[in-house]
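Use the sequences and the hints to build the structure in full.
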Amino acid sequence: MVNENFEPKIVGFCCNWCSYRAADLAGTARIKYSPNVRVLRVMCSGRVDPSFVMKALASGADGVLIAGCHPGECHYIEQNYKAMRRYSILKHTLRAMGVEPDRVRLVWASAAEGQQLAEAIDLLVADVRKLGPLKWPGNWTENGQREEALETLLKEHEEAFEVLT
Amino acid sequence: MTQTVEKKAAKGKLAIYWAASCGGCEISILQIDAKILDVDAAFDLVFCPCIADGKVRDIEKMADGEIDVCLFNGGIRNSEQEYMARLLRQKSKVLVAFGSCASEGCIPGLGNLNDRKSIFETVYHQGSATAPENPQNIYPQHETKVPEGILYLPVFYDTLKTLAQTVDVDYFLPGCPPEADNIWKAITAIVEGKLPRKGSTIGVNTTVCEECKRKRNEKKIKKFYRTWEIIPDEETCLLEQGLMCCGIATRAGCGALCPAVNSPCIGCHGPNEGVDDYGARLMSAVASVIDSNNEEEIDRIIAEGIPDPVGTFYRFSLAGSLLRRGSKATVGK
Ligand code: SF4
Ligand code: SF4
Ligand code: FES
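Just so you know, the protein sequences line up as chains F and V, in that order. Start counting at 1 in the first sequence, then tack on 3, and there's your number in this note's numbering. Start counting at 1 in the second sequence, then tack on 1235, and there's your number in this note's numbering.
If you are wondering where the hints come from, they were derived from the structure by calculation, not from laboratory data. None of the values given here were measured: they were computed from a predicted structure. Think of the CB as a built atom: it goes at the ideal place given N, C-alpha and C, for glycine as much as any other residue. Fair warning: there could be bad hints in the mix.
[Said to hold, decoys possible] What follows is a set of in silico ranges between Cβ atoms, one per label pair, in the way DEER data are often shown:
no.	chain 1	residue 1	chain 2	residue 2	range
1	V	Gly1567	F	Lys138	17 to 23 angstroms
2	V	Lys1448	F	Lys158	53 to 59 angstroms
3	V	Lys1448	F	Glu154	52 to 58 angstroms
4	V	Arg1292	F	Lys138	57 to 63 angstroms
5	V	Lys1455	F	Met46	22 to 28 angstroms
6	V	Ala1245	F	Met46	37 to 43 angstroms
7	F	Met46	V	Ala1276	53 to 59 angstroms
8	F	Lys138	V	Ala1276	51 to 57 angstroms
9	V	Lys1328	F	Met46	41 to 47 angstroms
10	F	Ala129	V	Lys1328	39 to 45 angstroms
11	V	Tyr1460	F	Met46	32 to 38 angstroms
12	F	Glu151	V	Thr1471	41 to 47 angstroms
What follows is the structure in structure tokens.
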């Protein structure tokens, strides 16, 4: 069931040296891609702590893209392999928490691959659109009947006071 | 200490309360041993349902801020606990989230992978392991009509909250349960008015690894083991031996108790200073020690070695984490 009116909000963490430039290139070369991604520049995909992804999802993002240089081409030597391992653990944990694996994706893109990055973004947006909104904060804001129950407690205690005094 | 305490004309008022917790926090207070007499010299215990017969209405009658210190342990699982948290906040000058449950949800917070309905089904449903007999499938109700009127039970929440997610908290004391030394340090600081910045965690700002005496080499892990699978050697770092030791991400203060007895740290002292999300910090640290650059191999090492990622990375901190809970939409699926 695809909701045509749903526009996924995606946060993209792009590495300064490759994928951010790829995104830039896609822009200047007028390659069309979905406008749903807010791109944040990080120095390296290895800088993306799992908490960045958690924070994005907890703040209302429907999906997260992490983009780095191709394996072997990281400007900080091995850091994108670290990103690869973190992503694997993160995916495993998010799945156990009920976040569909398709919402969070790690992709590689060199500075010249504007086209490829645009395609990866479109694909992620399409997949998240299929999944629908995540609405994570709604998971904890409703603790059914809470206010009402607090009111009854207050009332009960007041009544107890009346009996006492 | 005792002297400063005795010089005070009037004794302070102390309250100790429990919400969703196991009672271990109260016991840990007794571990300060004879110093409990100093506490008694400094404070009147005005409320502590675990050991003294106090009444909620006596607290309700107090003026705001009349209680000097409230040590509050336990998470907020239902509306009655929320009521008590609000009441004690209002009546206390200093409110301390005491221990892991109040600070970050702890084991009761793992219930956040479920919701009220699924928890009730497990606990009360006819034929479940915990309730083999309940032929009418009776579940707790908020309201029950009886001839005398209506009786109310607290509402059980879908999502357990930490104390700080419920009311304003002045200080946090880490640990499941907190260490006696640190409890004493906190009490002394409060009595002497030498309190740190509001909102801080009372304790040290290093990790368990720094207190651990084991030998450390380069960590390169190809396979994780569950604790029952191997008997680790007693001198080398447990993580290096493939056991998921959480010491690397956990706040120190316990003296590395668990590794000292050949058992990995499971993270009961929560995140170190400046860490938003304990599990994220731990995941990141674990990612650094896995010895592989091959996607498939990495996925396999993790899937085989960490079958319960939430219970591993968020055993104590799910409710206090950035995501707070599992998705409600997929509970039971
Ligand atoms: S990982 Fe565990 S065993 Fe290794 S040094 Fe840290 S606390 Fe000690
Ligand atoms: S070693 Fe870890 S689990 Fe054990 S008491 Fe210390 S902090 Fe808690
Ligand atoms: S510099 Fe691009 S991934 Fe490290």
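Sort out which numbered hints this structure fails and list those numbers smallest first.
-> Hint check: 4, 6, 10, 12 fail, others pass.
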